[in-house]
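**Student:** The lines below spell out each chain.
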Amino acid sequence: MHRDTAELVHAAAGGDRSAWDELESRFGPLMWAVARACGLGPADAADVVQGAWLRLLQHLESIKDPAAVGGWLATTVRREALLLLRKDRPRVYSSEVVEDPDPAAAVLETDGRQLLWKSVSALHEPCRTLLQLVAIDLGSRQTAMRLGLPMGSIGPTRARCLERLRTLISAQETAR
Amino acid sequence: MINDEYFLAALRLAAGNDPMPSHVSAAARDVYGLRVPQARTADPVECAAIRTSSGTRDDDGSHLMRFVTTGLTFDVEMTVGDGLIDVAGQVLPYPGEGTLVDVKTPHLTLTTRIAHNGQFAATGLPPGWVSVVCHRPGHAPVQTGWVRIRP
Numbered sequence: 001m002h003r004d005t006a007e008l009v010h011a012a013a014g015g016d017r018s019a020w021d022e023l024e025s026r027f028g029p030l031m032w033a034v035a036r037a038c039g040l041g042p043a044d045a046a047d048v049v050q051g052a053w054l055r056l057l058q059h060l061e062s063i064k065d066p067a068a069v070g071g072w073l074a075t076t077v078r079r080e081a082l083l084l085l086r087k088d089r090p091r092v093y094s095s096e097v098v099e100d101p102d103p104a105a106a107v108l109e110t111d112g113r114q115l116l117w118k119s120v121s122a123l124h125e126p127c128r129t130l131l132q133l134v135a136i137d138l139g140s141r142q143t144a145m146r147l148g149l150p151m152g153s154i155g156p157t158r159a160r161c162l163e164r165l166r167t168l169i170s171a172q173e174t175a176r
Numbered sequence: 001m002i003n004d005e006y007f008l009a010a011l012r013l014a015a016g017n018d019p020m021p022s023h024v025s026a027a028a029r030d031v032y033g034l035r036v037p038q039a040r041t042a043d044p045v046e047c048a049a050i051r052t053s054s055g056t057r058d059d060d061g062s063h064l065m066r067f068v069t070t071g072l073t074f075d076v077e078m079t080v081g082d083g084l085i086d087v088a089g090q091v092l093p094y095p096g097e098g099t100l101v102d103v104k105t106p107h108l109t110l111t112t113r114i115a116h117n118g119q120f121a122a123t124g125l126p127p128g129w130v131s132v133v134c135h136r137p138g139h140a141p142v143q144t145g146w147v148r149i150r151p
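Those sequence lines, one after another, are chains A and B. If you read the first sequence in this note's numbering, its first letter stands for residue 1, the second for the next number, and so on. If you read the second sequence in this note's numbering, its first letter stands for residue 1, the second for the next number, and so on.
Please note that a few of the clues may not be correct.
Cβ-to-Cβ under 8 angstroms is the rule here; a few derived chain B residues that face chain A [to be verified]:
#1 D4
#2 Y6
#3 A9
#4 L11
#5 L13
#6 A15
#7 V24
#8 A27
#9 V31
#10 P37
#11 T41
#12 P44
#13 H63
#14 W129
Hints were generated in silico from the structure; no laboratory data involved. All C-beta atoms in this analysis are idealised placements derived from N, C-alpha and C, irrespective of residue type, glycine included.
Here chain A stands alone, though its shape is the one from the complex (with noise of 0.2 angstroms):
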């Protein structure tokens, strides 16, 4: 039986562990994907993502809208992996609870996700490649060499590529 994200919720809050493994299996691979997206190691990566699950275990039955949990824990990742990265962060910290998931991490959502590599593949060069690559985690090095372009100019060009995704994204919800 398949059950929608706000009733697992609800079945977690009330001790339905099965609930709590279906979560899991739906949102821990893009809570994992968004904390190495940040730019964390495997080690932090795995902590950052226990630590947003121990918070909403906490919050399971205060959350604003359980069915947007996937944002709200995508969300959780993401503000803890920037914590963690800060250089002048504390020896012992805490952030503070997701009132409002980002807007954007719905593009995590698998309608969105499709979309979104459709979009890649629709980009001209060299934006295509540089951004399977950068999807495959290929270091700078690499991409600079695969696509014959200075390393220092993989930073910018990335930017620049991410932003036409964007726009070409933004374009097609609109035409939707």
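Guided by the hints, dock chain B onto chain A, whose structure is given.
**Tutor:** Here is chain B on its own, set in the frame of chain A:
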């Protein structure tokens, strides 16, 4: 506005090149075992009083935090030494005879009976996520928010 991290995360997911390790998934599922039914949450607060009275002393590995909920305050000092964590604190006002305090980490929960002045302590915890739960007879438990302690 789409934050780049979400965009990059979506690309990574679509490429399927860096799947979540199974131990991360298992740890997330195990989190459910830490559930404290009916618990109220005490949230961390910025507190000038504890900073000026004793200082956060982050330099010597100690750190003070205050957590507050209606009718109950936790002052918690966490000290990191030799890769392990000691947690000492006080629940105010004194929550009464028979009160137990759990100091929880994802891997280990240490339970202590609270002293007459509301103080408690637990030593030798692994670094990472920590939370304190106060169980008062006849009341719903109160749990502090989870905080992360670096070794």
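**Student:** Each hint should be assessed against the structure and marked as holding or not.
**Tutor:** A quick look at each hint next to the structure:
Because the beta carbon of B/D4 sits about 6 angstroms from the nearest beta carbon in chain A, less than 8 angstroms, this interface hint is met. Checking B/Y6 against chain A by beta carbon gives a least distance of about 5 angstroms; that is within 8 angstroms, so the hint holds. The beta carbon of B/A9 comes within 4 angstroms of a beta carbon in chain A, closer than 8 angstroms, and the hint placing it at the interface holds. The closest approach between the C-beta of B/L11 and any C-beta of chain A is roughly 4 angstroms, which is under the 8 angstroms cut-off, so the hint is satisfied.
For B/L13, the shortest C-beta to C-beta distance to chain A is roughly 5 angstroms, which falls under 8 angstroms, so the interface hint holds. For B/A15, the interface hint holds, the least distance from its beta-carbon to any beta-carbon of chain A being 4 angstroms, beneath 8 angstroms. For B/V24, the interface hint holds, since its Cβ comes within 8 angstroms of a Cβ in chain A; the closest pair sits about 5 angstroms apart. With a cut of 8 angstroms, the hint placing B/A27 at the interface with chain A holds, because the nearest CB-to-CB distance is about 5 angstroms.
Interface restraint check for B/V31: the shortest CB-CB distance to chain A comes to about 4 angstroms, inside 8 angstroms, so the restraint holds. Restraint check, B/P37 versus chain A: the minimum CB separation of about 7 angstroms is within 8 angstroms; hint holds. With its C-beta approaching chain A no nearer than about 6 angstroms, B/T41 sits inside the 8 angstroms limit, and its interface hint holds. Because the beta carbon of B/P44 sits about 5 angstroms from the nearest beta carbon in chain A, less than 8 angstroms, this interface hint is met.
Interface hint at B/H63: satisfied, since its Cβ lies 4 angstroms from the closest Cβ of chain A, which is below the 8 angstroms cut-off. Because the beta carbon of B/W129 sits about 6 angstroms from the nearest beta carbon in chain A, less than 8 angstroms, this interface hint is met.
Violated hints: none; the structure is consistent with every hint.
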